[in-house]
Amino acid sequence: MPQRNMDDDLLDPAGGLLQALADYRCRSLGEAAAVDGFIALLDDAENSFARERLGGHFTASAWLLHADGLRVLLTHHRKLDRWLQLGGHADGDNDLQRVALKEAEEESGLTGLAVEPGIFDLDRHWIPRHDDVPAHWHYDVRFVVHAGECDTLVVSDESHDLQWREIEALIHDQHADPSLRRMAGKWLARSS
Numbered sequence: 001m002p003q004r005n006m007d008d009d010l011l012d013p014a015g016g017l018l019q020a021l022a023d024y025r026c027r028s029l030g031e032a033a034a035v036d037g038f039i040a041l042l043d044d045a046e047n048s049f050a051r052e053r054l055g056g057h058f059t060a061s062a063w064l065l066h067a068d069g070l071r072v073l074l075t076h077h078r079k080l081d082r083w084l085q086l087g088g089h090a091d092g093d094n095d096l097q098r099v100a101l102k103e104a105e106e107e108s109g110l111t112g113l114a115v116e117p118g119i120f121d122l123d124r125h126w127i128p129r130h131d132d133v134p135a136h137w138h139y140d141v142r143f144v145v146h147a148g149e150c151d152t153l154v155v156s157d158e159s160h161d162l163q164w165r166e167i168e169a170l171i172h173d174q175h176a177d178p179s180l181r182r183m184a185g186k187w188l189a190r191s192s
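No gaps in the numbering here: position 119 of the sequence shown is 119 in the numbering used here, and each next residue is one more.
Read the hints as simulated data drawn from the structure, not as lab findings. Note that the coordinates shown come from a computational prediction; the quantities given were computed from them, not determined experimentally. Honestly, I wouldn't trust all of these hints.
Here are the computed distance ranges between Cβ atoms for each label pair [said to hold, decoys possible]: (1) H130 - S191: 33 to 43 Å; (2) R129 - P178: 28 to 38 Å; (3) E52 - A169: 13 to 23 Å; (4) G37 - D91: 32 to 42 Å; (5) G118 - D91: 35 to 45 Å; (6) H172 - D68: 36 to 46 Å; (7) A135 - D68: 31 to 41 Å; (8) A169 - A22: 29 to 39 Å.
All C-beta atoms, glycine included, are put in the ideal place defined by N, C-alpha and C.
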């Protein structure tokens, strides 16, 4: 991964996200409209990396692969009550690749994780009202993260459970979140 120096954030306050989105657009021609929506959020004057921005904000997720490359780690999300990839809010951090790695570590208890450069998937999804937080949009930027040899999982407070799922089976699971099925398809196409 290329080294960054301290001046990079002054030149590109979005932490390279604009270039990463442009690169993703070139690789994913059918997703140009989605990329445009993410760029529009990035260009907004209000801090799009802060969860307090209820008009929509960036989040980051990890497509966390087992060392065998055949399974992905899913969390049974406590607030949303469904199986999803690991991830969370940027909380002001404009380096979404770093956020995805941090969330993967915190939500899995795994160490020795490695994140691939480049965006793997984009997903804009509606988050329902929860307690005193109104419903809002998440603009989720997803990265491939590889697990090391350690596979001792620790379930965090944000989750009911963690589970390694076969990617091949996930793509055909009609009960799985559509974005999980899409990512499974992307991974299998990339791996073949």
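Okay, the hints, checked on the actual structure:
1. H130 - S191: 33 to 43 Å: Given a distance of about 36 Å, which is inside 33 to 43 Å, the answer is holds.
2. R129 - P178: 28 to 38 Å: Violated: the Cβ-Cβ distance is about 22 Å, outside 28 to 38 Å.
3. E52 - A169: 13 to 23 Å: The hinted range 13 to 23 Å is violated for E52 and A169, with Cβ atoms some 39 Å apart.
4. G37 - D91: 32 to 42 Å: 21 Å, violated
5. G118 - D91: 35 to 45 Å: Taking Cβ atoms as reference, G118 and D91 lie about 23 Å apart, which means the hint is violated.
6. H172 - D68: 36 to 46 Å: Given range 36 to 46 Å: violated, Cβ gap about 19 Å.
7. A135 - D68: 31 to 41 Å: Between A135 and D68, where Cβ atoms are some 38 Å apart, the hint holds.
8. A169 - A22: 29 to 39 Å: 34 Å, holds
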